[in-house]
Amino acid sequence: MGKLALVLSGGGARGAFQAGALRELLLYFERSGKRINILSGTSVGAVNGMGIAQAASYTEASEELETRWSETTNDAIYKLRKLDLLWLFLRFAVTRMERWAFVEGSDSIFDNTPLYRRYALEYLDLEKIHARRTVDDFLVSLCSLHTGEAYLKSLTAETDVLRAREYLMASTITTVAYPPVRAVVDDPGVPQHLRLVPQLYADGGISNKTPLKAVFHAGDISELFVVNTYPSYPNKTEASIRQTFPNLFSMLMRTALELLPNLYFLRDMETVRDVNNDLRVWEETRRRLLETAPDTATRGKVEEALREAEARFSFKQGGKHVIEPVVIAPDEELPVLDTEFVQPKLMETFAMGREKARAVIAALEGGAAATAGISRRAVS
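So in the numbering used here, spot 263 of the sequence shown is number 263, and the numbers just go up one at a time.
I should point out that these hints are in silico values taken from the structure, not numbers from a laboratory.
Careful: at least some of the hints might be erroneous.
[As the list claims (entries may be wrong)] Below are the BS3-like pairs computed for lysine-lysine, each with C-alpha atoms no more than 30 angstroms apart in a straight line:
hint : residue 1 : residue 2
1    : LYS34     : LYS236
2    : LYS34     : LYS316
3    : LYS213    : LYS316
4    : LYS316    : LYS236
5    : LYS128    : LYS236
Just so we're clear, the structure is a prediction, and the values are computed from it rather than from any experiment.
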């Protein structure tokens, strides 16, 4: 029948919306008897995904997500570097702009040691993830700042807890805001003599904010659920049109953390639609060609020719199925920004996620009930 994949986007504090949506979605999986075969996450999606992958049940995971977000504050995630930043800006002020890239100083605005302590040291439990009680394979997204290579690394397969912590933290890093992680990542594509050279890694959201394409191309996915933390742009609501960007930081945040990642997401969704279309067209073409065969022998030859053709089609690789993705995303701009881990805004955002997920799930269950009704009538 194929696998069920759950994909969780990045988004910092917007992850409260995602956690609220997961509160409902996991309970839907439980009562529907659905199992998560592949779970992939970027940044806050990796952190939320970790809470699912190491839980004993979907109910436990959904409750743990709510508890964690109700206790989250800025102080539990990061600290401002203050004097380090002031010294760096002073050096910029007396240096020609073309030399700014070579000025030594702080590598980020914030120090994320609290996040590392709270989640990588105290919360991450590889043994529970390895037990596969709720998820068969849990993947986190990260990207090398040196080579530009994006990776989906499996924490389910990882046995080294120090490396697992590096992967998790690298996935949470948005450069400029937080310091990149220096690590060694297994990659057979790197020249042999360079494989043990540490590189700097950061959020897969650099090119993979919603790690969808790599999961989809793994093949054999028949159900795909995506929980995004951003509205689907273009978003021509009054709130979007009237919002202001008072300084360069707000414009940078809007461009780099919202609009560009959404373009990647739309690109990946377009890939899903294209593959679906190719699969449908091919199956229809295949059916019509076989119907034209005048006898069994000819039909066998046509089938053999079709199998040879299929082996060369990328859209057939990995046993791909036609997928109707279920996307849960905000309908409007959320009350929090990426770095705004502030109560009670976070729980307001969490409630918005729950409400949106309930609406999506109600439509799913209503559609399933209608299909079952049609089937019963057809049988009778």
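Hint check results:
Straight-line distance between C-alpha atoms of LYS34 and LYS236 comes to about 35 angstroms, which puts the hinted pair past the 30 angstroms bound. Distance hint between LYS34 and LYS316 is fulfilled; the C-alpha atoms sit about 25 angstroms from each other, no more than 30 angstroms. Pair hint LYS213 plus LYS316 holds up; C-alpha atoms about 15 angstroms apart against a cutoff of 30 angstroms. Of the pairs offered as hints, the one joining LYS316 and LYS236 is violated, with about 37 angstroms between alpha carbons and a cut-off of 30 angstroms exceeded.
For the proposed pair LYS128 and LYS236, the alpha carbon gap of about 44 angstroms is over 30 angstroms, so the pair is violated.
Comparing the model with each numbered hint stated earlier shows that hints 1, 4 and 5 do not hold.
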